[in-house]
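Student: Here are the chains, one letter per residue:
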Amino acid sequence: MQKPLAVLNKAINQQVIVELKAKRSYRGILEGYDPHMNIVLKNAEEVINGSVTRKLEQTIVRGDNVIYISP
Amino acid sequence: MQKPLAVLNKAINQQVIVELKAKRSYRGILEGYDPHMNIVLKNAEEVINGSVTRKLEQTIVRGDNVIYISP
Amino acid sequence: MQKPLAVLNKAINQQVIVELKAKRSYRGILEGYDPHMNIVLKNAEEVINGSVTRKLEQTIVRGDNVIYISP
Amino acid sequence: MQKPLAVLNKAINQQVIVELKAKRSYRGILEGYDPHMNIVLKNAEEVINGSVTRKLEQTIVRGDNVIYISP
Amino acid sequence: MQKPLAVLNKAINQQVIVELKAKRSYRGILEGYDPHMNIVLKNAEEVINGSVTRKLEQTIVRGDNVIYISP
Amino acid sequence: MQKPLAVLNKAINQQVIVELKAKRSYRGILEGYDPHMNIVLKNAEEVINGSVTRKLEQTIVRGDNVIYISP
Amino acid sequence: MQKPLAVLNKAINQQVIVELKAKRSYRGILEGYDPHMNIVLKNAEEVINGSVTRKLEQTIVRGDNVIYISP
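Protein chains in written order, with the working numbering: chain A, 1 to 71; chain B, 72 to 142; chain C, 143 to 213; chain D, 214 to 284; chain E, 285 to 355; chain F, 356 to 426; chain G, 427 to 497.
These are computed hints drawn from the structure, not numbers from a lab.
Even glycine gets a Cβ: it sits at the ideal position worked out from N, Cα and C.
Please note that a few of the clues may not be correct.
[Claimed, not checked] Computed footprint of chain B on chain C, listed as stretches where at least three residues anywhere in the stretch have a Cβ under 8 Å from a Cβ of chain B: (1) 161-174; (2) 178-191; (3) 194-206.
[Said to hold, decoys possible] Dumping the calculated EDC-like pairs for lysine to aspartate or glutamate here, alpha-carbon to alpha-carbon at most 20 Å: (4) 294(E) - 389(F); (5) 447(G) - 64(A); (6) 429(G) - 34(A); (7) 163(C) - 277(D); (8) 165(C) - 247(D); (9) 3(A) - 105(B).
[As the list claims (entries may be wrong)] Okay, the calculated bits of chain G under chain F, using three or more residues with CB under 8 Å as the criterion: (10) 459-472; (11) 481-490.
Here chain A stands alone, though its shape is the one from the complex (with noise of 0.2 Å):
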């Protein structure tokens, strides 16, 4: 059994896709997490319709908005 938090514990310093519910994603480094799912990405890029839209050298995703975290 892996529990969800367990797995984003050993996913951390490596690259991520956070898909939100706002038709957008962010892939970058994983930093960091709480319980809540809030997360840090390093050297972020957002994508919307599969366009990078932006670039963030570091961001805080509010849990709230994840549908899914894919190491």
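Fit chains B, C, D, E, F and G to the known structure of chain A by using the hints.
Tutor: Showing chains B, C, D, E, F and G alone in chain A's frame:
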């Protein structure tokens, strides 16, 4: 009586379908879950309008998106 | 006075209709529930606009989708 | 001062109207409730746009759907 | 400093307007409330687009629908 | 560091703008608040699309409607 | 591991972008925050569709509106 989380527990390491509010579903091997119904899938396929739109080696789906989970 | 969860409890192993916010309902045998109204159905049929659109041997419906449950 | 749940309690075994966010209402005998305003109705009629669209011998309405309940 | 619930408390037995998210409001005598801002109104009138659309001798409005309450 | 509720506290008895999710805002004297950001305004004006659409001697705005509050 | 709130804490007194669900963002100096991600900005600019639409000396943004916060 079969409690919802006990049914999830029996489905560990089995193929499940996770139907989401955002008009999409994920099929994959259930690796884990927590009491919020956050779930971990392995070898997941995203299905939108009946077509596979993405493959994800591993993904954590946030529980508040879920309509149903079927073993 | 009939408490909502007590009424659910009496419906265990009986046929129920579960009407969801997402304009669909599920009919099946109630196998279990929890205090969030997450429920387990056996031999469930998904009904959209009056037509059966899917059959599910067993399914766990997340409680926050529910409008009503009728024994 | 009349607390909301105390008013619900006095309405037990009486006819009530339950108006929902999903543009529909239910009329029936109030059999029970809990602190989330989940409620149990007996001999309920679903009303959409002024027409009775369904009859339910007994139904449990999840409280988060409710706009108002009127004895 | 006037705490929100203390202001509600002073409005007991007075006429209030309750504006809801569902583009409607209720005017009536405030009979009670609880910490979720669930409220009890007596002799309430439902107002939609400036017209009285319903009269309710007594009604319990679930707090999560409320935009504002004005004494 | 200025905690959000401490900033609200300093704004007591001052004019504030409260911008809501429902495409409207209220301007008035901040009389009170609580930890949910429920707030009490005195001499409030409702503003929709830049026009004053209503005046309210006193109003309690439920916190979950708020986008921002500006002193 | 960088916890989300610890990252916010390091950004105190620095310029941040706060992207909201309501298709707008705020740029300003982060003055404070709390565990709900309610935040205080100083010298904030509201940006809608790439244009500055408002300037606010100080503003408290309610955390449940936030998509992301970037230092």
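Student: Now look at each hint and say whether the structure bears it out.
Tutor: So, going through the hints one by one against the coordinates:
no. : hint            : result
1   : 161-174         : holds (count 5)
2   : 178-191         : holds (count 3)
3   : 194-206         : holds (count 8)
4   : 294(E) - 389(F) : holds (17 Å)
5   : 447(G) - 64(A)  : holds (11 Å)
6   : 429(G) - 34(A)  : holds (6 Å)
7   : 163(C) - 277(D) : holds (11 Å)
8   : 165(C) - 247(D) : violated (25 Å)
9   : 3(A) - 105(B)   : holds (6 Å)
10  : 459-472         : holds (count 5)
11  : 481-490         : holds (count 8)
When the structure is compared with the earlier hints, a violation turns up for hint 8 alone.
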